[in-house]
Amino acid sequence: MRRGERRALACASTLVAALTPQLAHAHLVSTGLGPVYDGILHFALTPEFVLPVLAIAMLTGLRGRAHVRLALVALPLAWLAAGIVADATAIAVPDALAWLPLLVAGGLVTLDLRLSPRATTVIATLLGIALGSSNGAALAQAGAGVRGVLGSTAAVFVIVTLGAATVTAWQTGWLRIAWRAAGSWIAAGGLLLLGWTLR
Amino acid sequence: MSRFGRFAVHALLAVAAALLSPAALAHDSRPAYLQLTETTPGRYDVVWRTPLMSGMRLPVVVRFPEGTRNVSGPAERDFADSIVERRVVQVDGGLEGKRVEFVGLEATITDVLVRVQLRTGETSTTLVRSSKPWVEVTASPGRFSVFTAYLQHGIEHILLGVDHLLFVLGLMLIVRTPWMLLKAITAFTVAHSITLAVATLGYGHVPEAPMNAAIALSILFLGPEIVRAWRGETSFTIRNPWVVAFAFGLLHGFGFASGLTALGLPQGDIPLALFAFNVGVEIGQLAFVALILLMVRAFRILEMRGPRAVQLAPAYVVGVLGAFWTIQRVTMMIQGG
Amino acid sequence: MFAQRADRDRVGCGAQRRRRVGYRRATRLIVAALLVTAAAPVLAHVEAGQATGFFTGFAHPFSGLDHILAMVAVGLWGAQLGAPAIWLLPLTFPLVMAFGGFLGLIGVGLPGVEIGIAASAALLGAAVMTERRISLYAAAALVAFFAIFHGHAHGTELPPGQSGLLYSLGFVVATGCLHAIGIAAGAAHRWPSGKVALRIAGGGVSLGGLYFLWGALA
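Residue numbers (this note's numbering), protein chains in the order written: chain A, 1 to 199; chain B, 1 to 337; chain C, 1 to 218.
Any given hint could be a false lead.
Pairs of lysine to any residue residues, derived as SDA-like cross-links and limited to a Cα-Cα distance of at most 20 Å, are as follows [stated by the list, open to error]:
{"#": "1", "chain 1": "B", "residue 1": "K98", "chain 2": "B", "residue 2": "K183"}
{"#": "2", "chain 1": "B", "residue 1": "K183", "chain 2": "B", "residue 2": "T234"}
{"#": "3", "chain 1": "B", "residue 1": "K132", "chain 2": "A", "residue 2": "H42"}
{"#": "4", "chain 1": "B", "residue 1": "K132", "chain 2": "B", "residue 2": "T148"}
{"#": "5", "chain 1": "B", "residue 1": "K132", "chain 2": "A", "residue 2": "P94"}
{"#": "6", "chain 1": "B", "residue 1": "K132", "chain 2": "A", "residue 2": "G143"}
{"#": "7", "chain 1": "B", "residue 1": "K98", "chain 2": "B", "residue 2": "M53"}
{"#": "8", "chain 1": "B", "residue 1": "K183", "chain 2": "B", "residue 2": "R87"}
{"#": "9", "chain 1": "B", "residue 1": "K183", "chain 2": "B", "residue 2": "L201"}
{"#": "10", "chain 1": "B", "residue 1": "K132", "chain 2": "A", "residue 2": "A142"}
{"#": "11", "chain 1": "B", "residue 1": "K98", "chain 2": "B", "residue 2": "A80"}
{"#": "12", "chain 1": "C", "residue 1": "K195", "chain 2": "C", "residue 2": "G82"}
These aren't lab readings, by the way, just hints derived from the structure by calculation.
Build out the structure end to end from the sequences listed, making use of the hints.
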């Protein structure tokens, strides 16, 4: 079956599901996990997405709770909005730029600069837009659509919450260095990914 | 990533998504079911049941390996929610070591449960997913595969059973100490295990429509109790959440059972399948509880307090969705007769 | 010789002067290393090194070992130098190494990669053996210089067709773990007998590096 047909079918089944009165659905047994779970899984299994998001969690976690709280609103919202736009318009940040968020977010964690809450929020928003956009495009292609974007947004929220809380709780002395080393690894991965892209 | 690794990821991440995006709950896909029973060497009785999705047929065709011809059939019968096709096929050299394919499955989000019974009496049950739309028939004894297939079903059932998870969330919002939480969750588990077994083994039956409405009601019931608990007031539920958990757990068990019987059970392995399914449900449920506990702890570390409206949001989500489902399901019950 | 100079350093001067001396010394080391590597344009192609002779062929299975030795030496040296070198070196290394890998990936040639790696093991081992104290920036620059070689080797050794990011992360993290092993072992620096043991280990690393250097040059 060709992609076009598959997409048409996926669209049709989504439409059917959307038009069907959602009565017993919440309870009916389902073994296919559906677009929400597809979105979550796609995010969780794509290191190009997970690593920068983790880096944001580390960046804000190292800076302080106020930074985390702002980023927890800004990042998922930007992710969601960019994802919906990408899903609807097919306009998205190209995959060839996947190295950039890794390098920027990882590098900032490594440097451990004294950024203001406003600065970290802006960074989180920009990265959210960039990542959410390519995520949304990928999900649209897989036929998961807006529901997939919703699922991945929830996953982003959870990852940032848990990650930032972990960093907040454990960041004295050596642990701070360990987070920064992890950030440098992510940035190094980004730099090498750029090499791979140009190769 | 291993299958279980994937499920762990599903379990942890999914649940949060389910909570945060109630709009996305409408997904539904019941599995198709293929049963192959070898009667004489190389000859198989075939039962192929496909679910109807709002009256639409599942666009999947079973393709047997080369050298297969129909001896009789196919004969089709339409049911309210599915189509059952029966036929008898003769396969040169038997099906062992060969592939049965499901053409078109890769374009759906449906799974197929395949049960093969060979002449030796060996049975095997396999869950075929759209990512790998075929099954290889083997002569290996199938107890382990039955176990894993139904374990998966159990996990998926609880992950997609947002109403069950919402009830668990409601309980978690009411209890105040870890000990109370442990008691409530254990009571819920024991209760739904009892009724799941009772209903699956055929000792009891509850009509589906009223049961679904009652399950919705159990969630609605928790909404006001959560608000009460957060205001510092008290009630029987707040003092003894485990009693409520047990009572409603009996109800939810019937819900699980209807899910399990809708899947179809391997005739020889009903107790094993039942056990595996229940274990799967517990795994999913505990993963959910663990995720919520982690998130609560994280919020505490991050000192996320937020305005009162945000604080009460979970209570209102539980209450509003409970009310919505109750109305919906009661309407359906009345309409459906 | 190194030890003598180090002593003179410690006796003679204030922090500023020490730093200046450190710079000079690091520059000298880098120049020396450059000379050594430039002397062997024959080995420019890493893979072809396999066929150049018995020694290179023999050394090839150990081509990981020189890397390992150098990484552990970075950790040990960092531990001897104490904060902030102990964490600055492991933070710098992956990034600069990735830069080297990046150069390798986009096809920028780097002469004498194997020699650079072997020389790094030899020199870093010697630094550990002599407990050489040079300024932080000089140490970072030295380690970074060698990191480019390590990264470049990885860049050219990467198998095509796999997930570039995961593969890259794999070796970056592995390198980080080697540093961590070195740093953990470097904790022995606290005790007098541990200090001696570290210097002996440094000597071993240095000898290993010299051996590979010989293998690469022959």
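- Item | List of violated hint numbers, smallest to largest | Hints 1, 5, 7, 8, 9, 11 contradicted; others consistent.
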